[in-house]
Amino acid sequence: MDKFLKLSAIAAPLPMANIDTDMIIPQQHLKTIKRTGLGQFAFSNIRYHDDGSERADFVLNKPAYRKAEILVTGANFGCGSSREHAPWALMDFGIKCIIAPSFADIFYGNCFKNGILPIILPQETIDLLLDDAGRGANAIITVDLENQEISGPDGGKVSFEVDPYRRHCLLNGLDDIGLTLQKKDVIQNYEAKKRLSQPWLFKD
Amino acid sequence: MTVPEQKPKTLYDKLWQSHIVEIQDAGEDDGNCLIYIDRQIIHEVTSPQAFEGLRDAGRKLANPQAMLAVPDHNVPTGADRATAVNAEDSQIQLDVLAKNCQEFGVEYIPMLDDRQGIVHIVGPEQGFTQPGMTIVCGDSHTSTHGAFGALAFGIGTSEVEHVMATQTLILKPQKNMRIDVDGILGAGVTAKDIALAVIGHIGTAGGTSYVIEFTGTAIRGLSMEGRMTLCNMSIEAGARSGLVAPDQKTFDYVMGRAKSPKGAAFEQAVAYWKSLPSDAGAIYDKEVFLRAEDIAPQVTWGTSPENVLPISGIVPNPDDVENSERKIAMQRALDYMGLTAGTKLQDITIERVFIGSCTNGRIEDIRAAAAIARGRTVHSDVAAWVVPGSGLVKLQAEEEGLDQILIDAGFEWRSPGCSMCLAMNADKLGPRERCASTSNRNFEGRQGPKGRTHLMSPAMAAAAAITGRLTDVREL
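Chains as they are written, first to last, in our numbering: chain B, 1 to 204; chain Y, 1 to 476.
By construction, these hints were calculated from the structure, which means they are not laboratory data. Please note that the accuracy of each hint is not assured.
Claimed, not checked - Straight-line distance between alpha carbons at most 27 Å, and here's what the computed DSS-like set of lysine-lysine pairs gives: (1) K193(B) / K14(Y); (2) K259(Y) / K194(B); (3) K175(Y) / K286(Y); (4) K194(B) / K262(Y).
Since this is a predicted model, take the numbers as computed values, not measurements.
Just chain B, same shape as in the assembly (with noise of 0.2 Å):
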């Protein structure tokens, strides 16, 4: 998994509440085997039309948002299907970050598990966000996650909350199964209390 560090970078914005999974990646699109090549296919059902050509006005089909690496969107964003391909194709079109009032749970952990930091912050500013995105590739934001401070076109700034055990990986780029693999001794150990207390649960 790729670092994350520091990050400025065009936002997009798509102030729409309950933004499912079904609609950031669609369901004729999770027939892979594979993490990668997903990107084409983000929001496909509403960036494109049924011919194949885009839709002139989906935000991420603009001129100025085309390379948009930051989202600022609406409440309750990723909820539904807990496929992790929603993540991987917003990875794979180039979304690094992506600043919401809420975020559903099952999506939240996914962004982390990818290198993609979700960002929650109140309404309010999420709507300073949003007027700041608003203005195409002049909306440079720029999100610090060693400070957790995240830095407007014109100077403003915004401090944000997150994990410190998710920051950590993120910062690091930590695949969390090789830190958990560590821990072998200590879940054997839980194991073989279970294995007394609980025999039913194994066969041998």
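Take the given structure of chain B and dock chain Y to it, following the hints.
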């Protein structure tokens, strides 16, 4: 000497605490914990990348015996699937699952086995799902298994791989929410209607960061099938897990199944399971109270499960909404659904009916549909499907003669799978086709691009099939 007072615990507190392998952020109330996972179910869509990750890193499964694999999302559901030709990319996912299970030593139930079906129906049916466990699957409707008093939740593929490699997950504790439904459900009102009414009440984000425990006499009165329907839709209220405390109904359901403990081991397990229900005086962070008598059969009108009303309702008007963001969302939903504000829900005509899914594909659901279908005929403008949730549900229904009742009425009786709930294969709505569906999501495009979904119970969907419009099953 004073004995230290034991703080009363909720069912969720007990499940959480009994699975802590290690507290990673000591001293913090809501810090990360390493949590032991007792069981993982896998299917063909969200597991290939996890196996690939293991292979690339040269890792093995921590405990293959804690896993069960079943293909469900992509399987063809026509009557004769031994000879059915699947789309190439669907078939690749099915083949890769079989191959991965063989390579890593995971028990795999193939498509043509009678035990095959939707993961959340197969787990309980096989006794793989038991009270007191932690159960995960790369599928958000894993909340279904909470009906047994197990902590069960959907995870992403990276977490699937984490469980495969370590038998654990790094998680933060959730908050406790109790939704209490007291009283007696009216005729024609089911667990699905409770679920939809709850979502209408608290909204699709109402349960975010909570585990919902369902309590009250109406919940106790539900069968295990009904409790599964209810917990299944917890995720549609934003809660990763739903719970119902285990009781005699739970033990009776689990007893004697293929993977359930037997004999003395079963007795020992039951003694433990009886210690799981929430203690008297346990504190919940949030409580919601509903009366069963106030719940009418529900149908959705929009593109979020919270867009729900009693069948007697009318399509709402965006002009009546103050909040501009909600007004825009409501207008977008009406445009997508092709509906006009003020239309009576019962005047909305439909072309398709889908009875099935992990929400409503169990024997009780098929019985409810057959009871409505008996001696009646599907409307000439409607194509109505019944897709049993598993091969065993299908066999049971056929033994009871339900398939014949449904076929005689004009329903199509199909083979088990996820089918038109998520429309991954040929089972889908055409653009602008309108469907009365017993599934769980009415999102834009969920049942096929531009398809229009109205969520409801199996009895309500069967009634709609007969009349060709959304119908109050109580008036049929």
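_Agreement of K259(Y) and K194(B) with the hint, judged by alpha carbon distance not exceeding 27 Å_ = With Cα atoms ~18 Å apart, K259(Y) and K194(B) stay inside 27 Å; holds.
*Holds or violated: are the alpha carbons of K175(Y) and K286(Y) at most 27 Å from each other?*
With a Cα-Cα distance of about 8 Å, the restraint between K175(Y) and K286(Y) holds, given a limit of 27 Å.
*Holds or violated: are the alpha carbons of K194(B) and K262(Y) at most 27 Å from each other?*
holds, 18 Å
*Are K193(B) and K14(Y) close enough, with their CA atoms no more than 27 Å apart?*
holds, 17 Å
Violated hints are absent here; each numbered hint is respected by the structure.
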